[in-house]
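In order, the protein sequence lines correspond to chains Y and H. Each step along the first sequence adds one to the number in our numbering, with nothing skipped, and position 136 is 136. Each step along the second sequence adds one to the number in our numbering, with nothing skipped, and position 278 is 278.
Because the hints were derived from the structure by calculation, they are not lab data. There could be a bad hint or two in this list.
Where chains are identical, the list cannot tell them apart; a pair therefore holds if satisfied intra-copy or between any two copies.
[As the list claims (entries may be wrong)] In silico DMTMM-like pairs for lysine to aspartate or glutamate, Cα to Cα no more than 25 Å straight-line:
1) Lys57 <-> Asp124
2) Lys204 <-> Asp245
3) Lys241 <-> Asp180
4) Lys296 <-> Asp71
5) Lys95 <-> Glu60
6) Lys204 <-> Glu63
7) Lys241 <-> Glu60
8) Lys50 <-> Glu81
9) Lys57 <-> Glu120
10) Lys249 <-> Glu112
11) Lys204 <-> Glu15
12) Lys8 <-> Asp71
13) Lys50 <-> Glu77
14) Lys12 <-> Glu228
15) Lys241 <-> Glu112
16) Lys8 <-> Asp162
17) Lys12 <-> Glu77
18) Lys287 <-> Glu60
19) Lys12 <-> Asp71
20) Lys57 <-> Glu179
21) Lys227 <-> Glu104
22) Lys287 <-> Glu63
23) Lys12 <-> Glu112
24) Lys227 <-> Glu113
25) Lys296 <-> Asp162
26) Lys24 <-> Asp206
27) Lys95 <-> Glu15
28) Lys50 <-> Asp291
Listed below, chain by chain, are the residues.
There are 2 protein chains.
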Amino acid sequence: MDQLLALKYFCKVAETGSFTSAAKSFSVPPSSISRRVSDLEASLGTNLLKRSTRVVKLSEIGEIYFSQVSDILLQLEQSNESVRLYQSTPMGQLKISSQVSFGEQVLFPLLEEFRTRYPEIILDISLSDALSSLSHDDVDVAIRGGYAPDERVHALRLMANDFVPVAAPSYLRASGTPEDGFQLRSHQGLFFRTPRGPSPWLYKQDDQWHDVSGHPAAISNNAQWLKELGLAGKGIMMTPKWFVDPFLKTGEFVELLNDSVLSVNQDPDFAIYLLYQKPRYLVPKVKVFVDFLVEKLMRNDPKVNMG
Amino acid sequence: MDQLLALKYFCKVAETGSFTSAAKSFSVPPSSISRRVSDLEASLGTNLLKRSTRVVKLSEIGEIYFSQVSDILLQLEQSNESVRLYQSTPMGQLKISSQVSFGEQVLFPLLEEFRTRYPEIILDISLSDALSSLSHDDVDVAIRGGYAPDERVHALRLMANDFVPVAAPSYLRASGTPEDGFQLRSHQGLFFRTPRGPSPWLYKQDDQWHDVSGHPAAISNNAQWLKELGLAGKGIMMTPKWFVDPFLKTGEFVELLNDSVLSVNQDPDFAIYLLYQKPRYLVPKVKVFVDFLVEKLMRNDPKVNMG
DNA sequence: TTTTAATTTTGCTTATTAGACAAAATTAGC
DNA sequence: GCTAATTTTGTCTAATAAGCAAAATTAAAA
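Between the sequences and the hints, there should be enough to build the whole structure, so can you do that?
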């Protein structure tokens with residue numbers, strides 16, 4: 001027996017005092033109302049209603065039951081409604097995982113605007129360079145440099161992760177400024193270690209990739225330390241532009257070989273990706289965050305994503 | 001969709017963290033659980049659970065929904081339980097309607113014992129000689145002299161309503177004591193008016209009924225006034241024995257023609273009846289009251305009832 | 001990384017149950 | 001007693017939950 005349906009029918013009969021009018025408000029024949037209420041009474045072993053053809057009144061226990069049940073039905077409806085509200089309004093905790101450097105350099109400056117735009121969303125940011133799986137960790141969205149994973153997650157290409165060689169003016173004064181990709185080989189290099197080893201310097205000429213890595217002056221998975229070494233003039237660093245953007249503006253870093261095609265990776269799909277689970281029903285808080293980042297970051301790099 | 005079932009399934013999955021164990025506790029295949037929960041999610045447009053083959057976790061909104069719904073289910077179960085308790089325990093208001101004289105003379109003296117025996121029953125007694133229909137008035141049981149009605153009510157023959165002629169000793173001294181039914185015709189009579197007119201005096205001899213009504217000294221539908229007239233020696237009164245029982249004991253009334261078959265009615269089914277509705281599910285408070293009256297009143301008059 | 005095993009989901013059939021509609025039964029009011 | 005509004009019952013159809021087996025998924029072990 002569909003007990004909830006029976007309860008709804010019963011309450012409507014109790015409210016209207018009539019099976020017929022209850023039937024009308026549910027657009028079902030009166031016989032359906034009659035049977036469902038009878039079923040309910042049978043399941044409780046009680047007469048909830050005192051029927052007579054003209055007047056339907058509640059029995060003593062029916063009165064009590066009605067007052068309780070109508071409240072319960074109301075509560076349930078409110079719960080359902082709050083779920084629908086949650087589905088339609090961006091709210092709740094939004095857990096974001098990001099690479100440390102990207103988080104610090106790019107993400108944080110944007111978040112204050114996001115927070116004022118969606119005050120009902122509580123941000124929970126964790127920065128880590130460990131590649132966390134969305135399914136393992138309890139995050140709603142993750143931002144990672146690399147390739148689009150083939151998991152069942154949405155991978156939205158946020159922005160290019162183009163690496164450019166930079167160096168401090170002091171280094172260039174001491175060691176000279178490379179005029180050509182191949183000249184990089186004779187320079188000191190500050191190398192970032194990925195899980196697949198130190199990133200090489202790659203130079204593309206005539207559709208050919210060449211390894212033009214310099215002498216390693218330092219290797220680390222800590223971008224911050226490498227940046228400090230670079231600022232101190234210890235060598236040339238291949239770095240995403242966004243990572244050293246403020247220093248390029250102040251002149252503390254100088255971008256080298258602007259027109260050359262240099263990279264740390266041959267794959268054109270290498271970029272910053274925004275990853276999020278693809279549930280059957282997308283939660284608004286995730287959607288608005290995704291839209292927000294697209295709006296803020298994909299203006300200058302309008303390459304589209306890859307489903 | 002049986003939403004209540006879906007909610008129960010969902011809550012059990014949330015509690016156990018597994019579709020399989022939820023399925024076991026309901027003794028249904030896991031596929032049923034899966035489908036009901038999916039239906040529920042579809043109807044809400046939300047993912048309530050984050051599934052992975054090994055672990056089933058609640059989503060943010062699922063967490064909220066679960067805490068609310070599990071409380072709602074608990075409330076509903078408690079309401080159902082209270083109905084079952086009501087069905088198994090005598091409790092609640094018991095509305096009793098009785099004839100005035102019977103109520104005062106017979107019923108009231110018994111009720112104190114009933115009240116102590118069933119303290120959870122709140123008695124609501126209304127005395128009236130108007131014949132009220134059970135369906136019209138809001139009474140659980142009615143006590144009426146007369147015949148078993150052919151309505152759809154239980155009519156339990158509580159006790160005989162045998163009428164006996166009584167008179168005060170002062171009257172008998174003044175007018176003589178009748179020795180024979182037919183002698184009543186020459187006496188003064190105190191007649192009770194029923195809705196069908198004044199009750200005649202009937203005398204049965206050789207399977208023949210004879211009207212032996214005396215001269216009406218007074219007619220009233222108020223038994224109390226007639227009794228006072230009788231006590232004052234104004235005439236002979238045909239009355240139910242229970243109505244004058246205390247006066248017979250003190251000698252203020254004398255019963256006449258003990259061995260004769262006298263009545264106010266030819267119908268042997270004329271008696272005091274306990275009437276109560278016959279619902280599909282009999283409420284305990286009514287049952288125990290019926291049993292109580294049978295126990296107290298049918299000891300001396302063990303005629304059985306008539307369904 | 002590959003394999004294994006526990007678990008969830010899907011496909012399809014059967015059984016149950018709610019709905020639809022007509023007819024019968026009931027009863028308040030004329 | 002009759003009428004009209006209402007509830008209940010009978011019977012068929014449609015919707016839906018259960019049951020079972022097979023496929024898909026994935027965390028943990030090898």
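Going down the list of hints, with the structure as the test:
| no. | hint | in the structure |
| --- | --- | --- |
| 1 | Lys57 <-> Asp124 | between (55 Å within a copy, 19 Å between copies) |
| 2 | Lys204 <-> Asp245 | within (24 Å within a copy, 124 Å between copies) |
| 3 | Lys241 <-> Asp180 | within (19 Å within a copy, 131 Å between copies) |
| 4 | Lys296 <-> Asp71 | neither (47 Å within a copy, 43 Å between copies) |
| 5 | Lys95 <-> Glu60 | between (52 Å within a copy, 11 Å between copies) |
| 6 | Lys204 <-> Glu63 | neither (83 Å within a copy, 52 Å between copies) |
| 7 | Lys241 <-> Glu60 | neither (77 Å within a copy, 36 Å between copies) |
| 8 | Lys50 <-> Glu81 | between (34 Å within a copy, 21 Å between copies) |
| 9 | Lys57 <-> Glu120 | between (47 Å within a copy, 23 Å between copies) |
| 10 | Lys249 <-> Glu112 | within (23 Å within a copy, 99 Å between copies) |
| 11 | Lys204 <-> Glu15 | neither (79 Å within a copy, 57 Å between copies) |
| 12 | Lys8 <-> Asp71 | both (11 Å within a copy, 19 Å between copies) |
| 13 | Lys50 <-> Glu77 | between (28 Å within a copy, 23 Å between copies) |
| 14 | Lys12 <-> Glu228 | neither (73 Å within a copy, 55 Å between copies) |
| 15 | Lys241 <-> Glu112 | within (23 Å within a copy, 95 Å between copies) |
| 16 | Lys8 <-> Asp162 | neither (61 Å within a copy, 52 Å between copies) |
| 17 | Lys12 <-> Glu77 | both (15 Å within a copy, 20 Å between copies) |
| 18 | Lys287 <-> Glu60 | between (52 Å within a copy, 15 Å between copies) |
| 19 | Lys12 <-> Asp71 | both (13 Å within a copy, 23 Å between copies) |
| 20 | Lys57 <-> Glu179 | neither (96 Å within a copy, 57 Å between copies) |
| 21 | Lys227 <-> Glu104 | within (14 Å within a copy, 104 Å between copies) |
| 22 | Lys287 <-> Glu63 | between (47 Å within a copy, 20 Å between copies) |
| 23 | Lys12 <-> Glu112 | neither (50 Å within a copy, 40 Å between copies) |
| 24 | Lys227 <-> Glu113 | neither (28 Å within a copy, 95 Å between copies) |
| 25 | Lys296 <-> Asp162 | within (18 Å within a copy, 100 Å between copies) |
| 26 | Lys24 <-> Asp206 | neither (79 Å within a copy, 66 Å between copies) |
| 27 | Lys95 <-> Glu15 | between (46 Å within a copy, 24 Å between copies) |
| 28 | Lys50 <-> Asp291 | between (58 Å within a copy, 23 Å between copies) |
Hint compliance for this structure: hints 4, 6, 7, 11, 14, 16, 20, 23, 24 and 26 are not met, and every other hint is.
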